[in-house]
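Given chain S's structure and the hints, the job is docking chains E, U and C onto it.
There are 4 protein chains.
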Amino acid sequence: MGRSVKTSARPMSASEFEKLFQEVSNWERWGPNDARGTLNYLSPSHVRAAAALVRSGRSVSLAIPINKVAGPDNANPAIHHMTVTYDTVWSHGEPAFSMDYLGCACHGDCHTHIDALCHIAYKGKLYNGKPVNSVTSQGAKIMDITAYAHGIVGRGVLLDIPRLRGVKWLEPGEAVTQDELEEAEKAEGVRLGEGDIFVFRTGHHRRRLELGAWNNGYDGEGKAGLDAASMRLLHERKVAAFLPDGDGETVPSNVEGVAYPIHALQIAAMGMACSDSLQFEELVKVCEEEHRWEFMIVAAPLRLPGGTGSLFNPIAIF
Amino acid sequence: MGRSVKTSARPMSASEFEKLFQEVSNWERWGPNDARGTLNYLSPSHVRAAAALVRSGRSVSLAIPINKVAGPDNANPAIHHMTVTYDTVWSHGEPAFSMDYLGCACHGDCHTHIDALCHIAYKGKLYNGKPVNSVTSQGAKIMDITAYAHGIVGRGVLLDIPRLRGVKWLEPGEAVTQDELEEAEKAEGVRLGEGDIFVFRTGHHRRRLELGAWNNGYDGEGKAGLDAASMRLLHERKVAAFLPDGDGETVPSNVEGVAYPIHALQIAAMGMACSDSLQFEELVKVCEEEHRWEFMIVAAPLRLPGGTGSLFNPIAIF
Amino acid sequence: MGRSVKTSARPMSASEFEKLFQEVSNWERWGPNDARGTLNYLSPSHVRAAAALVRSGRSVSLAIPINKVAGPDNANPAIHHMTVTYDTVWSHGEPAFSMDYLGCACHGDCHTHIDALCHIAYKGKLYNGKPVNSVTSQGAKIMDITAYAHGIVGRGVLLDIPRLRGVKWLEPGEAVTQDELEEAEKAEGVRLGEGDIFVFRTGHHRRRLELGAWNNGYDGEGKAGLDAASMRLLHERKVAAFLPDGDGETVPSNVEGVAYPIHALQIAAMGMACSDSLQFEELVKVCEEEHRWEFMIVAAPLRLPGGTGSLFNPIAIF
Amino acid sequence: MGRSVKTSARPMSASEFEKLFQEVSNWERWGPNDARGTLNYLSPSHVRAAAALVRSGRSVSLAIPINKVAGPDNANPAIHHMTVTYDTVWSHGEPAFSMDYLGCACHGDCHTHIDALCHIAYKGKLYNGKPVNSVTSQGAKIMDITAYAHGIVGRGVLLDIPRLRGVKWLEPGEAVTQDELEEAEKAEGVRLGEGDIFVFRTGHHRRRLELGAWNNGYDGEGKAGLDAASMRLLHERKVAAFLPDGDGETVPSNVEGVAYPIHALQIAAMGMACSDSLQFEELVKVCEEEHRWEFMIVAAPLRLPGGTGSLFNPIAIF
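Chains as they are written, first to last, in our numbering: chain S, 206 to 523; chain E, 206 to 523; chain U, 206 to 523; chain C, 206 to 523.
Some clues are possibly wrong.
The list treats identical chains as one, so a pair stands whether inside a single copy or across any two.
To be verified - Keeping only pairs whose Cα atoms sit at most 27 Å apart, straight-line, the calculated DSS-like set for lysine-lysine is: (1) K346 x K273; (2) K443 x K330; (3) K443 x K328; (4) K443 x K211; (5) K224 x K211; (6) K328 x K373; (7) K328 x K346; (8) K373 x K490; (9) K346 x K330; (10) K328 x K224; (11) K490 x K224.
None of these hints come from the bench; they were simulated from the model.
Same shape as in the complex, but just chain S (with noise of 0.2 Å):
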């Protein structure tokens, strides 16, 4: 492609920083007790709209596999442990069962899970200003993923970076702006809107696949990401929740002392329900078919009382 795109994003200040987090903050909007964050903005009419878009009656999962080896992303692997095989038999005759155990960390770069309100605190406060004893050793008291046990349904926009710039994923480091943002939704001849959900594509997943998985941290090889400064776009245009690969994190940021500052802004400042460590590689190829990159969306965390997130499993329908 012809179009020179600038893979990292002007280093901010940690003043500039402060700004922001308080420009995009939607501390009290809501009410001191809000536990929904920007979902509040995803209405009745939204979810309407949203199921106007099943129009071919696909369905396609953005969750990755569960991952049950330990690799240089995967420090805490599932454990998933068979309790009876058909080797037992059963006192009470007919038929005979065979059952299973999952034990999985809730957060974790190759377990694709929902974040809590409670998920995230910067400088000592949770969103909404709530203080960080709310977490303790025996849960979350508020703002926990039970916020979300009816699900999170609506519209879902689809930006695939990757697409926009003609590669098969960004490299780690690289930071997507909002000016590029809004160039793929150009592209795509879509609009991030008011109670969408922003689905958003590094090929995170797909390097992963491709060139297996690698440390994405501080300490390793880091990730692609967006720039901190494109939060203002999804606290103008209203948006309701945000699913990525990857974590939407650019590691290292290009925030002054802030190491991942989408979560900071996102969750503390934003209350935004955030997800991790999704796949699109079954997804891009039902848009590319279906020609489209908007299509209803259905997830739903685990009703887990006190949980800062959950394991799940996002279904896209077109």
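Showing chains E, U and C alone in chain S's frame:
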């Protein structure tokens, strides 16, 4: 109410059961390597029709909150541990994260979950005649829960039996016959059809909430469910999936020598996508308010390779 | 038996308890960074003397089998999963392996375990006056269970109170006073001394075996244990470690405003190596046959960095 | 050192191995229902003799600290979660408790553990000719780890091969022959005899500490261990138990078609109480200081019904 309700099913002999098993069997219907069973009935056109039911934009969870406390129907309580709270100073600096861990059996009487087709064996055979050694200590080699990875999306039809009977819940041991299911259809103005998701309410969870949990097995008080013969209705109507409170079984069963005939018929014979231990207390309120007993359902298991089931949180959308 | 037994202790006021706490405190006795507490009393010469007690060469476990079933005193049953059985073909060929997994709380009323000194805080302070924030979601920074990594090796002295009283077990709520401990010493011809491991039997586990488990907490039936004032004896005699069936506590306690005074005194004040939930049903048979109530003990926690306790299996050797 | 060391064993053909298996087999020696295997050699008189070795009163752990971090020899890291910290207000008031949870595989290359006799099958048979279906998804029905519940108490004899060779550790793939074991006996002035616990040091753990962990399997660098033929020595001498760093195996093995011959011979043929993955770095310091390579050992698995192994912390007492 003036209607007289038959709350127990006619006893079924072992040979009648064998005949019924053959009658409703879908073995070989969709080929020798089929892993989707009755979900084959649920076509894209059904998905579109389901989405067209979204008129008010309300969504409601059908899952029970995850239960961390051992009890008479919860021998294996979920393990939910906070792994990081805000007492931790992160080497990366801001922001701070809190995190947790969930460990849980993939089946059980008070964990809302979906069964894979490999979960049940009848007389040494899985659905489609597959051998039981397809499930080993290393997981299921075939018909695991990932067969449903892209979600179950379709029309849900609630048959609310306590509503029909004018009671709060069915008592343990009571069975719902095909006739009563058809009576419920008429009372609600709905009809189960091809590709539908049958949402079956006995009030099991309401009884739990009001009277407390009880041991619903053969060494306990039992539970209310379906008459085994009613599987004919589901088979004839080409129902795609089954979402009950309780698990569909009447305990004690009305079948000679088969303790859990519904699982045997639905899963092993028919290859039906079945789930267990849902709750409809929030759903029925919405149904009454909307005065309709059909809605879109989106339900997705975790993508657990080799799994015999998965916790999930099915969402009804009106 | 003709003796009249006092089965309850004199009530102790809050101020008396404070005075007792100070009286038996070992804070600063072994320096500000001590992590071994009363194990400092257990010198190599005591180890040699303990080994000299080995005369018959019999060994016996003091641990309860690990309990995998939830019950009134087992809210958190152990998880024991077979992870590989012989249904698995190994790529390496011969031989084949079977394997398993154990998950368990490090404390609990029916898991034999040892407490680290960090396990208890009284009025906001750990043993030696250390701050409670020494224990975080990342584990204990000081006084963790690895302080006992090289084992507790010494002379065990069993005071068998049911034997003294001529009963099968003490009933919940009964307390054993210092006088009765001294009476038991005389009856058995032993005397607790410096560096000894005090093995204290109320018959708690025998009662479990014969009557079934019960809820031994404040919302249940309670349990038999020590009079708080008896800690003076342990302090004066310079006892090194404590191995009870039950956990030493009388519930309800005889101390105003302190629910579990024995843990507060033994661990937070004295820095004593304490364990919980042992069983002596096998031990007492050997003691009677050998006609002696002293023996060598070797007990070692798992080397769990940051741990507040550990399952263990203490061995008595005669 | 001037001695020339043979660091690899003579290759052994499949038929030679079969012959060796028969030669060292203890099947039927202690009856058809034996579960103690070579521990039958360890009589009370050996226990007494072991206790008589306690002269200085020092004790030392032979266990590796539990490893919570995934690595090349730790595919299944232990899970250690703080379940309660002092952020929690207890309804019972004082004192406060902190608690934790440990989940861990019962086997593995960097978790010090002991194997049950059911852990190994050779050509479809367990020790004593028992069928492999004695181990099911519900646990081992026979020869589980509770066979060792009352502890392994006896004389430990360390043969320190790196000391003999004048090296820091043996390199992966190096094998120790019977001749070299006998040479080590002479150098240390000890002799393995009936009922002894053979403590075998290759320096495996020292290499881990100095060079970092490595994949010691067939898809990795391998490990140092015993020549399969050396099992004759253990058999003739009636050794009761085996405590190695590493796990005794030389990888790659010197036996045609048998990847792990030591496990096959020790456990399946001989019924030996074997453990894996110990560390002797603390032990060797004490041995040098005491200038003796024999000591009392007390080692006890957790009492895990049905278990194929257990984490443990064996203690050497001088």
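Hints, one by one, checked against the model:
For the homomeric pair K346 and K273, the shortest alpha-carbon distance between copies (16 Å) is at most 27 Å, but the shortest distance inside one copy (30 Å) is not. Proximity of K443 and K330 under a CA criterion of 27 Å is satisfied intra-copy only: 22 Å inside one chain copy versus 48 Å between copies. With identical chains, the CA atoms of K443 and K328 are at most 27 Å apart within one copy only, with a shortest distance of 24 Å there and 49 Å across copies. For the identical chains of this complex, K443 and K211 are intra-copy neighbours only, at 25 Å inside a copy versus 55 Å across copies, given an alpha-carbon limit of 27 Å.
Proximity of K224 and K211 under a CA criterion of 27 Å is satisfied intra-copy only: 24 Å inside one chain copy versus 69 Å between copies. In this assembly of identical chains, the alpha carbons of K328 and K373 never lie at most 27 Å apart, being 37 Å within a copy and 49 Å across copies at closest. Proximity of K328 to K346 under the C-alpha cut-off of 27 Å is found in both arrangements, the shortest distances being 19 Å within a copy and 24 Å between copies. With identical chains, the CA atoms of K373 and K490 are at most 27 Å apart within one copy only, with a shortest distance of 13 Å there and 48 Å across copies.
Proximity of K346 to K330 under the C-alpha cut-off of 27 Å is found in both arrangements, the shortest distances being 14 Å within a copy and 25 Å between copies. For a Cα distance limit of 27 Å, the shortest separation of K328 from K224 inside one copy, 14 Å, qualifies, whereas the shortest one across copies, 43 Å, does not. In this homomeric assembly, K490 and K224 never come within 27 Å of each other (Cα to Cα): the closest approach is 40 Å inside a single copy and 45 Å across copies.
Consistency note: the structure conflicts with the earlier hints numbered 6 and 11.
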